[in-house]
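S.K.: Residues per chain, in single letters:
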Amino acid sequence: MAQAAEQFDAPSFPKQGAIWKPLPKGKQGKQQAAHTVQTIRATPDQVFNLYTRIEFLPAWMEGVVSVQRLSPKKLRWLMQDPGTGKQFEFDAEEVESVPGKRYVSRVTTGPTAGTTNTLTLEAHPSGRGTVATLINVFTLPGGLFTKAVTSVVSRSPAQITIENLRHLKEVLEAGEIPSVEGQPAGRRGISGKLKQVLYGENMPMPPGTSDRARPDDLPESASKGPSKWGVLLGSAVAVAVLGSLLFVETKSDPSGESLHD
Amino acid sequence: MKAVCWMGAGKVEIQTVEDPKIINPGDAVIRVTRTAICGSDLHLFDGYIPTMESGDILGHEFMGVVEEVGTAVKKLKRGDRVVIPFTIACGSCFFCKTDLWSLCDNSNPNARICETMYGYSGSALFGYSHIYGGFAGGQAQYVRVPFADVGPIKIESDIPDEKVLFLSDIYPTGYQAAENAQIKPGDTVAVFGCGPVGLFAIASAYMFGAEKVIAIDRFPERLKLAREYCGATTIDYTAGNPSIVEALRDLSNGIGPDSIIDAVGMEAHGTDAAAFYDKIDQALMLETDRPTVLRQAIQAVRKGGTLSIPGVYGGDLDKLNFGAAFGKGITMKMGQTNMHKYLAPLLKSIEDGKIDPSFMISHRVGIEDVPDMYKIWRDKKDRVTKIVIDPFREKGIDRLRA
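First to last, the sequence lines map onto chains D and G.
Everything in the first sequence is counted per this note's numbering, starting at 65 for the first residue and increasing by one.
Everything in the second sequence is counted per this note's numbering, starting at -16 for the first residue and increasing by one.
What the hints contain is simulated information worked out from the structure, not anything from laboratory work.
For every residue, glycine included, the Cβ atom is placed at its ideal position computed from N, Cα and C.
Any given hint might turn out to be false.
To be verified - In silico contact screen, one side only, chain D against chain G (beta carbon under 8 Å); selected entries: (1) Lys85; (2) Pro86; (3) Ser190; (4) Arg192; (5) Glu237; (6) Gly253.
Said to hold, decoys possible - Here are the in silico distance ranges between beta carbons for each label pair: (7) D:Pro163 x G:Asp132: 27 to 37 Å; (8) D:Pro163 x G:Leu267: 57 to 67 Å; (9) G:Tyr260 x D:Gly164: 21 to 31 Å.
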């Protein structure tokens, strides 16, 4: 015990602590806030770069069909509700973009105008990579009723936020998004199919680096018209590029070496 | 292909389903040469693990030959002979990098379900419910294996399949149980349950330097293997209705075993009032698991001892004597097996001839026999100790210890 006491290097007190400040969550007027925090085994720059490459968004973000840049700070999004298959478009503006640190965007048109997305990145204090905090404040067009329906049929706003940052982490760390879509199974029957809906397994998984972004694999409503075929083929190409980019980036970036050994 | 499908509690069928294909670039497709029924598959069969869906392909102990690989796979090629660990791990996340492979962050497509039930999600598993990802299992002629450069271990020698098959789960699981038991040379260790994991835990306890291993079960064929292959002192808890706590105290010089391994889990049996209580409680859905063995283990372990739990628990436990655990200052270690950590050293132990894991195989069957074998093993008939399956053989039951 005496020896242990000699080796014991106690920190000095008093030591200033802090008061926990909760991150945004829940309903605030006509808006619904949601947040998620992940530690990603990559550098802040790697996380920022993938998050802001709009051509890769359909590969990892749920429900994104395509994103086009209309002007330096203006983007046009084509989304598809994974539960209902309904497509909708809106414009968004980049409010703030600080490489490796912070990215804020806001929806400017359509029923969800006013929705904001804020990604904040910090190096993990113990060197485990990047602490990524994603805060989404949604403007819900249908109010509480929509929220109730989407929480059963589709993803709830809170769950969309969680799943999107999870998929970003999966692509950056593992090089792919885990999926069982298209695997064999025996007869599901009524109970099996009901459970799939109950567990949210009817939601299509973003393709990640797989070849599931092929037009044939996408819902019929998304592949009508020559312009959309172009967009979708573009997505497939983007996925292929993303795959190669991930492997190149992780091997060539000296600052990321300890994170991708 | 033919596959073993879960079709509801107590119902398993052989169905013809589509062949698996590459889904992600890190995948491989394996032609299965040997697979097995695990004791934990019986929890699925009995309907005690939530989130199974009709049509799920069962099986998480399997090996075979690589048929096809995805574009990102570098270490495997068509024709390689491999054993597949039952936990699916990405190899890149914080947990994989710290040898906590069974807690991988990036392999479970249904992580949200697990997070709702458990707070955080562990890794995905083959053929083991949708909380753990809903991946099709290996009791089939072919199986898709994600992260093929990370999990599968190549078998380069011509050692027979049945000697290395159990690297897929039960040998590493028994070994991790002994490691988690924090055994020191000269220790006394007790193992509840002499099923396959219990038998490997007994053998592994000796590998960690145990002086004496005591094994508890009720089936003569299992106790015989524990005594005659693994070197345990055996207790039949149904013979004369002994007090297990007293028997273990007497066999450990009056202080209790230094470590106890619960290789039974959620469907424990017993002969005392607590076991009867658990049966009623579980039937009334007042608890999901029967912690009969866990209570006895907490009671029997020595002060400051270690309780290692490889037996599967799934949900809520009732009337657990946590005060005894606290009062004696015991350590508990548990969880799914960090498979990838153990594959290479344990393969070496087999290739060096230290242990022949096939010692426990009692039945080798064709795929059409599998539904019957689930029932036979669940009902503890025909002196089953371990069932292996040749998925390309239609029918025929070889009893290896007739």
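S.K.: Under the criterion of a CB-CB separation shorter than 8 Å, is D:Lys85 in contact with chain G as hinted?
M.R.: Since the shortest Cβ distance to chain G is 22 Å, the answer is violated.
S.K.: Closer than 8 Å between Cβ atoms is the bar; does D:Pro86 clear it against chain G? Give me holds or violated.
M.R.: violated (18 Å)
S.K.: Hint validation: D:Arg192 versus chain G, beta carbon distance must be below 8 Å. Holds or violated?
M.R.: At about 6 Å, which falls below the 8 Å cut-off, the nearest Cβ of chain G leaves the hint on D:Arg192 intact, so it holds.
S.K.: Next item in the hint list is D:Gly253. Is there a CB on chain G closer than 8 Å to its CB?
M.R.: Interface hint status for D:Gly253: holds (5 Å vs cutoff 8 Å).
S.K.: For the hint 21 to 31 Å, verify it against the beta carbon of G:Tyr260 and that of D:Gly164.
M.R.: violated (59 Å)
S.K.: Going by Cβ atoms only, is D:Ser190 closer than 8 Å to chain G?
M.R.: violated (10 Å)
S.K.: A range of 57 to 67 Å was offered for this pair. Does it hold for the Cβ distance of D:Pro163 and G:Leu267?
M.R.: Holds - the Cβ-Cβ distance for D:Pro163 and G:Leu267, about 59 Å, lies within 57 to 67 Å.
S.K.: Verify the CB-CB distance for D:Pro163 and G:Asp132 against the hinted window 27 to 37 Å.
M.R.: The hinted range 27 to 37 Å holds for D:Pro163 and G:Asp132, with Cβ atoms some 32 Å apart.
S.K.: If you take the shortest Cβ to Cβ gap from D:Glu237 to chain G, is it below 8 Å?
M.R.: D:Glu237 check passes; min Cβ-Cβ to chain G is 5 Å, inside 8 Å.
In terms of the numbered hints stated before, the structure departs from hints 1, 2, 3, 9, listed from lowest to highest.
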